[in-house]
Structure formats: structure tokens, C-alpha cells
Amino acid sequence: MLKIKSRKQQHLFDPWQFLSPKRREILDQSWPGFFRDHVLDLLPVETFSVLFPAHRGRPTKEMHTVLGTLALQQYHDLTDREACEQLAFNIQWHYALDIAEESDAAKYICPKTLWTMRTLATELGIDQDFFDTVALELAQMFNVDTSRQRIDSVHIRSNMARLGRIGVFVKGIDRFLVNLKRHHLSLYDGIDAELIQRYHGEKARQCFAGVKPSESKRVLSDVASDLYRLVTQFASHRQVADMSSYKLLCRIVKEQCEVGADGTIEVKAPKQISSDSLQNPSDPDATYSGHKGQGYQVQVMETYSEHETDAKDPRQLNLITYVEVEKACQSDAQALLPALETTLETDLAPAQVQADTLYGSDENCCECAQLGIELISPAPGTQKCESANLSDFQFRADGHVDKCPAGHRPALCKKKKGRYTQCFEINLCANCPLADCCAVKRGAKFFYLNYDEKRLRIARRRQHERTEEFRQKYRWRAGVEATMSQYDRLTGVKHLRVRGKKAVRFAAVMKATAVNIARAVAARQARMRANDNGMGSSCRLRRVFELFKEQFSGLLLSIADRMLGKQTAQTYAQNSA
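Numbering of the sequence shown is given in my numbering, commencing with residue 21 and proceeding in unit increments.
Derived from the structure by calculation, the hints contain no laboratory data.
Please note: incorrect hints may appear among the correct ones.
[To be verified] Straight-line Cα separation of at most 25 Å, SDA-like style, residue types lysine to any residue; simulated pairs:
1) Lys81 to Arg56
2) Lys493 to Asn163
3) Lys23 to Lys81
4) Lys127 to Asp48
5) Lys25 to Ala120
6) Lys132 to Gln148
7) Lys267 to Gln148
8) Lys436 to Glu473
9) Lys25 to Thr133
10) Lys514 to Ala542
11) Lys127 to Arg101
12) Lys274 to Glu326
Based on the provided sequences and hints, a complete structural model is requested.
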């Protein structure tokens with residue numbers, strides 16, 4: 021039975037009145053008070069209704085407490101046991117989750133229950149719903165301007181060991197033998213005892229850790245042969261073939277080996293292996309990035325301001341509007357359009373987005389233009405080592421060349437099916453000092469310059485990149501690196517405690533929500549400090565006088581006479597009257 025405490029029901033008496041005013045003020049102004057007042061009601065507790073009947077069965081833990089604990093666990097980067105201890109004894113957690121009663125039912129949850137509820141929340145996709153709801157609420161609360169945003173990716177690792185090719189083969193065999201022994205003991209007994217002794221058990225795996233580099237090729241070939249022997253031995257057993265560990269063996273053979281027509285097996289060269297191949301049987305979803313290694317990558321898009329005063333103002337909230345977990349081998353160029361489409365659906369879309377070179381393909385620029393979004397990103401690729409590239413030519417509005425880098429105009433301009441041909445006089449180009457390193461090519465009648473619509477767009481982008489206007493705009497992109505640093509320092513996202521893409525995605529999205537909450541708390545505290553400091557000494561004295569006026573009206577003039585002087589006190593009395 022699903023147990024949800026109504027947040028609309030108010031307390032008859034203040035349950036936190038036992039706190040001293042100073043401690044209560046600290047809780048209200050820091051993250052516990054903000055979480056209690058603005059985030060706790062946004063937890064998608066009703067989503068669990070599809071799994072638990074409303075009026076049948078044993079009651080669950082109170083769902084605001086459960087989901088709140090899962091959110092705070094990712095906020096503070098805690099293990100399951102540490103999160104349960106904080107829930108049991110930490111008054112900040114009690115205040116944030118609005119738990120006033122002293123009972124085990126209210127303030128205790130065992131690690132097993134927490135693990136189970138996190139697994140169910142992961143399957144239901146609660147993390148994304150929670151992130152979108154909180155982001156939209158904070159955007160409205162702080163009046164966030166989402167017209168300017170920037171995007172970047174960060175590499176993260178799940179809780180898996182870094183294995184070489186031999187380690188992948190050995191780990192796959194060991195996992196298969198463990199599962200086969202557990203579910204099909206009779207088939208396990210039919211395997212060669214020497215093979216079991218070689219691969220099954222901790223001591224067996226340690227034997228392959230000390231393989232010499234000179235022997236690695238031979239050992240890898242022997243291990244691949246043993247693995248393929250297991251694959252062929254149980255290929256006809258339907259129950260074994262349906263096991264996930266057996267499917268991993270088949271995947272290793274497909275990705276790492278080549279099977280000959282006569283049944284022999286050879287290990288592929290490292291260059292022949294795809295980057296999305298199996299990196300560790302413990303985490304089949306993890307892939308490989310040649311730049312950053314094994315793991316996953318997270319796409320993060322946030323708002324920013326181009327005004328110096330607003331960018332440095334702690335009262336302004338830079339809000340993360342999009343977060344998504346991808347394979348480490350996936351290119352950043354494929355992540356921009358899904359991010360923009362998602363923010364369009366959540367009413368947090370930008371009018372201008374900044375990104376690095378990997379996102380700035382010509383296709384992405386064209387797609388962004390169709391969505392009405394301006395993409396500010398350097399053009400990808402490198403120019404040839406020439407003194408006069410296509411971007412050095414001056415173009416007219418119709419796409420034809422106006423002048424070459426030497427200042428000459430083309431004698432003839434042609435366009436056919438989106439391709440441009442510019443013809444320059446032979447005498448001019450032959451005697452030009454840039455002739456040896458120019459993009460034009462000599463023909464029978466002219467020197468020719470050929471390009472298409474795509475090359476023209478890229479050339480114009482490169483010309484715009486040289487302007488001061490582009491430099492002043494694009495310099496704000498670097499601020500997203502500070503967000504990635506905070507994302508890791510605050511939540512520990514780069515080294516997670518889970519494995520598998522679903523679990524990794526849940527942790528990464530919840531941690532991004534935690535960054536938004538932490539930034540909102542900091543922005544609110546800065547605004548509160550600004551209000552206090554902006555009051556001024558005279559205004560603060562006036563507040564003191566008003567309080568005295570209510571309780572000690574007869575002593576008001578004498579106190580004002582001592583603090584501000586007789587003339588100022590008389591003026592104040594006249595104004596008050």
C-alpha cells in the first residue's frame with residue numbers, strides 16, 4: 021500500500037519550536053529550509069502508484085521521505101548506509117524532509133529498502149521528471165532568462181574496474197561459470213576440470229594479472245580459444261543460451277575475434293575493434309572514448325548572462341536546463357539537437373546557444389536556424405596550410421566572390437546546382453605573389469575557384485570568427501567549465517558507485533538537480549544579504565525606533581536625542597506624527 025503524507029495538511033502547533041531562534045534561522049536560510057519549502061512538494065511521489073496499490077498490502081515508507089532521501093543522497097554523495105544514518109540522526113535532514121515525529125517508522129529506513137526504492141525509481145524514470153519539474157520551478161521563482169545558454173559534456177565513470185583485453189575475456193568466462201554453476205550444476209560438471217581450475221575463482225583471475233608484455237599475445241590467443249570453446253559447447257542448450265552471461269561471451273567473440281570457416285578463432289588487431297565494444301562484463305553499457313577512456317559522458321546545458329555585472333552577481337541564478345547520459349564513444353555533434361528539442365518541450369529553450377567546435381557542424385547550424393536558434397560555435401575542421409584559403413576571399417550577398425585576397429575581381433562567375441565557379445584572369449593570377457599558395461587552380465583559359473553552398477557557409481563563419489564581435493560573444497562559453505567542476509566537486513559525479521546505464525543516468529540526473537538546488541540556495545542567500553546591506557544605517561535605526569515606539573513610546577524622544585542629536589530627534593518626531 022502506497023503511503024503518502026499530504027503536504028497540504030498544516031501542523032496545529034509548530035513542531036520545530038524547540039529550536040532556538042539562531043538555529044532555526046540557520047536552517048531556514050540554508051539548504052534544509054529551501055528544500056523543505058520549495059523542493060519537497062515537487063517530488064513525484066504519485067508515480068509509484070503504478071507499482072503499489074492504494075488500499076491493499078503492507079504500507080510502504082512515507083514516499084516524500086523515501087524520494088527525499090534519494091535526492092539528498094545524491095546531493096551529498098553518500099553511500100546507502102551513510103544516507104540511512106543521516107536520515108536517522110541529522111536534524112538538517114529532518115528539517116528538510118519535514119519529519120517532526122520521533123519514531124523509527126518516520127526516521128529510519130534500512131539500506132536494503134533504500135536500494136530497492138532507488139531501483140524502482142530508476143525503472144520509472146523519476147529522475148528526469150524530478151529534474152524537469154525543479155528546473156521549471158526555479159526558472160519561474162528566480163525569473164531566469166533562458167534566452168542565452170551554453171552546452172558541453174563531461175566524462176564520468178561507473179563503479180567498474182579498468183580491464184585490458186585479457187581481463188575482459190577472463191572476466192567474461194568467470195561470470196559465465198559462476199552463473200552456470202548456480203543455475204545448471206549438471207552442465208557445469210560437464211566442463212573440462214582444467215578450464216574451470218584456470219578461470220574460476222579469485223586466485224585464478226589473479227594469475228592473469230601478472231602476464232608479461234612479451235607473452236600477452238600468446239595468452240590472449242589461448243584465452244580466446246577457451247572462451248570460444250565454451251560458446252560452441254553450449255550453443256545448442258536453449259536455457260544456457262538465454263543467460264545474460266552467455267550472451268556476453270557471444271558479444272566478446274563478435275567484437276574481439278574473427279572465426280574462420282574451419283572453426284578456428286583469431287583475435288582482432290586493436291585497430292579493428294570498435295569503440296562501443298564491451299569494456300567490462302560488469303558494466304556492459306560502458307563504452308570507450310579515445311580521448312577520455314572508458315565510461316559514459318553527460319551532456320549539460322545551462323543558462324548564462326553576457327552582462328559583466330549580472331555574470332558576477334551572486335544573486336543571479338545560472339540554471340542547468342538539460343542533462344543527458346550518453347555512451348562515451350558518441351560524438352558531441354549528435355547531442356545538440358536532442359538538447360534543443362527537449363528544452364523546447366519543457367519551455368526552457370534558448371534563443372542563442374554557445375558550444376565548442378565539436379557541436380558546430382554545418383548540419384547543426386542549419387538545423388538550429390530552422391528552429392529559430394542561433395548557434396555560436398567555431399567551424400569544425402582545420403584549414404589547409406595555404407596563405408589564401410576560401411575564408412580569405414570577399415563574397416557578395418549572392419555568394420559569388422567580390423575580391424580575392426590580392427584584391428582582384430573575378431572575370432567570370434558561374435553557379436550551377438548549388439556549385440559556384442569563379443574565373444580569374446591568367447595574367448593576374450600568374451604574376452600574383454600568392455599564386456603558389458592560393459586556393460585557385462589553373463585551367464586552360466582561367467584560374468578557377470570552385471566551392472559549394474556548404475563550403476561557402478563555413479568560409480563565412482570563419483570570417484565572422486575573426487571579428488571582435490564573435491570573440492566578445494564566444495568568450496562566455498568558457499564559463500561552462502566551472503559548472504562541470506562544481507558538478508563534480510559538489511556531487512562526485514565523475515566517479516559513481518553504480519553500474520549500468522539506467523543506474524548511471526539516475527545518479528547523474530539527480531546530481532544535476534542537486535547542483536540547481538545548491539545554486540538556488542546560494543542565490544537566495546545573496547539576495548537576502550543584499551536586502552540587509554541595502555537598508556543602510558539610518559534605515560536600520562529607524563526600524564529600531566519603530567520597535568521602541570510600539571513598546572516604549574514615552575522613551576522614544578530621549579533615546580533618539582542621544583543617538584542622533586536633539587535636532588534630528590525633533591525632525592523624526594515631527595515626521596512620525
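Hint-by-hint comparison with the structure:
1. Between Lys81 and Arg56, the direct Cα distance comes to roughly 18 Å. Compliance with the 25 Å bound is thereby established for this hinted pair.
2. The straight-line distance between the Cα atoms of Lys493 and Asn163 is roughly 23 Å, inside the 25 Å bound, and the hint therefore holds.
3. For the proposed pair Lys23 and Lys81, the alpha carbon gap of about 6 Å is at most 25 Å, so the pair holds.
4. The hinted pair formed by Lys127 and Asp48 meets the criterion: a straight-line CA distance of about 20 Å does not exceed 25 Å.
5. For the suggested pair Lys25 and Ala120, the alpha carbons sit about 13 Å apart, so the restraint of at most 25 Å is met.
6. The suggested pairing of Lys132 with Gln148 holds, with an alpha-carbon distance near 23 Å, which does not exceed 25 Å.
7. Distance hint between Lys267 and Gln148 is unfulfilled; the C-alpha atoms sit about 30 Å from each other, more than 25 Å.
8. The straight-line distance between the Cα atoms of Lys436 and Glu473 is roughly 11 Å, inside the 25 Å bound, and the hint therefore holds.
9. Restraint check: the Cα-Cα separation between Lys25 and Thr133 comes to about 19 Å, which is no more than 25 Å; the hinted pair holds.
10. Between Lys514 and Ala542 the alpha-carbon distance is near 23 Å, which keeps this suggested pair within the 25 Å criterion.
11. Between Lys127 and Arg101 the alpha-carbon distance is near 14 Å, which keeps this suggested pair within the 25 Å criterion.
12. Using a Cα cut-off of 25 Å, the hinted pair Lys274 and Glu326 is violated, with the two alpha carbons roughly 51 Å apart.
Comparing the model with each earlier hint shows violations of hints 7 and 12; every other hint is respected.
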